[in-house]
Each structure stands twice: as C-alpha cells, then as structure tokens.
Amino acid sequence: MSSTNLKILACITMLIDHLGAVFFQEYDIFRIIGRLAFPIFAFLIAEGFFHTHNIKKYLIRLAVSAIISEIPFNLAFNGNIFELGSGLNIFFTLFLGLLSIYIYDNYKRNGLYFVFLIGIIAELLNTDYGILGVIIIFSFYYYNRKFNKQALSYIVITLLLVVVDFASYQIINLQIFSILALIALYFYNNKKGVNLKYLFYIFYPGHLLILGLLKCVL
Numbered sequence: 001m002s003s004t005n006l007k008i009l010a011c012i013t014m015l016i017d018h019l020g021a022v023f024f025q026e027y028d029i030f031r032i033i034g035r036l037a038f039p040i041f042a043f044l045i046a047e048g049f050f051h052t053h054n055i056k057k058y059l060i061r062l063a064v065s066a067i068i069s070e071i072p073f074n075l076a077f078n079g080n081i082f083e084l085g086s087g088l089n090i091f092f093t094l095f096l097g098l099l100s101i102y103i104y105d106n107y108k109r110n111g112l113y114f115v116f117l118i119g120i121i122a123e124l125l126n127t128d129y130g131i132l133g134v135i136i137i138f139s140f141y142y143y144n145r146k147f148n149k150q151a152l153s154y155i156v157i158t159l160l161l162v163v164v165d166f167a168s169y170q171i172i173n174l175q176i177f178s179i180l181a182l183i184a185l186y187f188y189n190n191k192k193g194v195n196l197k198y199l200f201y202i203f204y205p206g207h208l209l210i211l212g213l214l215k216c217v218l
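In terms of UniProt numbering, the sequence shown has 160 at position 160, counting the first letter as 1, and numbering is strictly consecutive.
Treat the hints as calculated values from the structure; they're not laboratory data. The structure presented is a predicted model; accordingly, all values stated were derived computationally and were not measured. One or more of the hints may lead you astray.
Calculated cross-link-like contacts (lysine to any residue; reagent style SDA-like; alpha-carbon spacing at most 25 angstroms) [as the list claims (entries may be wrong)]:
no., residue 1, residue 2
1, Lys191, Leu9
2, Lys56, Leu117
3, Lys197, Met1
4, Lys57, Gly111
Simulated restraints on C-beta separations [to be verified]:
no., residue 1, residue 2, range
5, Gly193, Asn54, 18 to 26 angstroms
6, Leu214, Phe116, 16 to 24 angstroms
7, Cys216, Phe114, 36 to 44 angstroms
8, Lys56, Gly79, 35 to 43 angstroms
9, Ala21, Ile202, 16 to 24 angstroms
10, Lys108, Gly79, 40 to 48 angstroms
11, Ile210, Ser2, 38 to 46 angstroms
12, Ile210, Phe177, 19 to 27 angstroms
13, Phe116, Leu209, 32 to 40 angstroms
14, Val194, Ile120, 35 to 43 angstroms
15, Asp105, Cys216, 25 to 33 angstroms
16, Ser2, Ser86, 31 to 39 angstroms
Idealized CB from N, CA, C, for every residue including glycine.
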C-alpha cells in the first residue's frame with residue numbers, strides 16, 4: 001500500500017467521521033470508522049519528514065493550511081466562523097508534530113525536552129489530540145521502519161488517550177478502534193504511488209466548508 005493509498009483511505013475515513021459528528025451523532029459506526037484517520041495521517045507526517053525535499057516548506061504548508069482550515073472547521077462543528085475556546089483543527093496538531101520531529105532531528109541531545117514542550121503547547125492551544133497527538137506523530141518518526149515498535153507505542157499511547165479525559169466520554173470509548181489503522185500501516189510499501197501531493201491540503205478545508213454550509217442550510 002503506497003502513501004497515496006493511505007492518504008486516500010485516511011481522507012475517506014475522516015469524511016465518514018465528520019459526517020457522523022455533524023449529522024449523525026446518534027450512530028457510533030461513523031465515529032468508529034473515523035478513528036482510523038488520525039493514526040494514518042500521523043504516520044504519513046512522520047514518513048513525509050524522511051521524503052520531503054524541503055522540511056521548512058513542508059512546515060509552512062501545514063501552518064498555512066491550519067490557518068485556512070480554521071474557519072471551515074468552526075463552521076462545521078460549531079456553526080460559527082469563529083468560536084473562542086472550541087479547539088483548533090487537526091492541521092495544527094500535524095504542524096506541531098512535524099515541528100517536534102524537525103527540532104529533535106537538529107537538537108538530539110536535548111530534543112526530547114522540545115518534543116514535550118511542543119506537546120504542552122498543543123495541549124494549551126487545545127488542538128485535536130493535544131499532547132498525545134504530537135507524541136503519536138513523533139513515535140512514528142522515532143521508530144521509523146520498525147513497525148512492531150511503532151505499533152506497540154501507538155497501542156500504549158492510545159490506551160492512555162482512552163483513559164485520559166481528552167474529549168467527550170463517547171469518543172474516549174471509541175478511540176480504542178483507532179488501533180485497527182495499524183492493519184493498513186502494516187501493508188505500507190514505502191512507495192509514493194500516484195502523485196496527489198496536495199490532496200489533503202485541499203480536501204480537509206473543502207469538505208469541512210461543504211459540511212458547514214449544509215449544516216447552516218438544513
């Protein structure tokens with residue numbers, strides 16, 4: 001399974017998740033399927049670090065996308081274009097996760113301190129998955145090409161995420177299903193596949209904008 005295949009799978013499961021969150025909150029199956037999206041995106045961010053030609057441009061793309069996506073994010077989930085204290089979209093978590101990898105790679109001696117500092121920043125900013133989201137991304141990087149260790153670390157972190165009061169009670173219980181994403185990651189072939197570099201950058205704010213507008217109309 002190429003990185004493009006994984007990206008498409010993550011986008012599809014994320015769309016299903018968001019459909020459930022916005023329109024079908026009474027049906028857990030939407031959110032269960034949606035739990036597969038984040039670990040795949042986290043894995044792809046770590047892989048992206050090793051394959052990108054310019055890490056700084058990669059960080060800039062994520063940061064810009066995070067800012068652009070915030071209005072559609074708020075519109076879809078809060079019904080407003082701006083919602084103070086409602087949390088920040090997943091692009092902020094992905095940006096901070098990649099930033100933690102970049103800093104660690106350049107300052108390995110004290111790098112772990114920076115990783116946890118960035119995780120705390122994610123928690124304070126109330127990004128999706130917060131500090132544990134950053135740690136998940138970093139662990140995929142740290143155990144690169146060692147799938148057994150990647151899988152074990154993800155399972156341990158996920159169990160912590162289930163226990164900690166990180167989101168609503170419902171989502172905490174459903175988060176355990178995200179471990180199923182490891183099946184897809186196991187079949188990753190370290191190939192890029194069809195070049196859909198900007199798929200997620202366009203799809204994420206685009207589908208949220210559509211869901212937000214539909215929510216306002218319906």
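The hints, checked one at a time:
no. : hint                                : result
1   : Lys191 x Leu9                       : holds, 15 angstroms
2   : Lys56 x Leu117                      : holds, 20 angstroms
3   : Lys197 x Met1                       : holds, 16 angstroms
4   : Lys57 x Gly111                      : holds, 21 angstroms
5   : Gly193 x Asn54: 18 to 26 angstroms  : holds, 21 angstroms
6   : Leu214 x Phe116: 16 to 24 angstroms : violated, 40 angstroms
7   : Cys216 x Phe114: 36 to 44 angstroms : holds, 41 angstroms
8   : Lys56 x Gly79: 35 to 43 angstroms   : holds, 36 angstroms
9   : Ala21 x Ile202: 16 to 24 angstroms  : holds, 20 angstroms
10  : Lys108 x Gly79: 40 to 48 angstroms  : holds, 45 angstroms
11  : Ile210 x Ser2: 38 to 46 angstroms   : violated, 27 angstroms
12  : Ile210 x Phe177: 19 to 27 angstroms : holds, 26 angstroms
13  : Phe116 x Leu209: 32 to 40 angstroms : holds, 34 angstroms
14  : Val194 x Ile120: 35 to 43 angstroms : holds, 38 angstroms
15  : Asp105 x Cys216: 25 to 33 angstroms : violated, 43 angstroms
16  : Ser2 x Ser86: 31 to 39 angstroms    : holds, 35 angstroms
The structure is inconsistent with the numbered hints 6, 11 and 15, although it conforms to all the rest.
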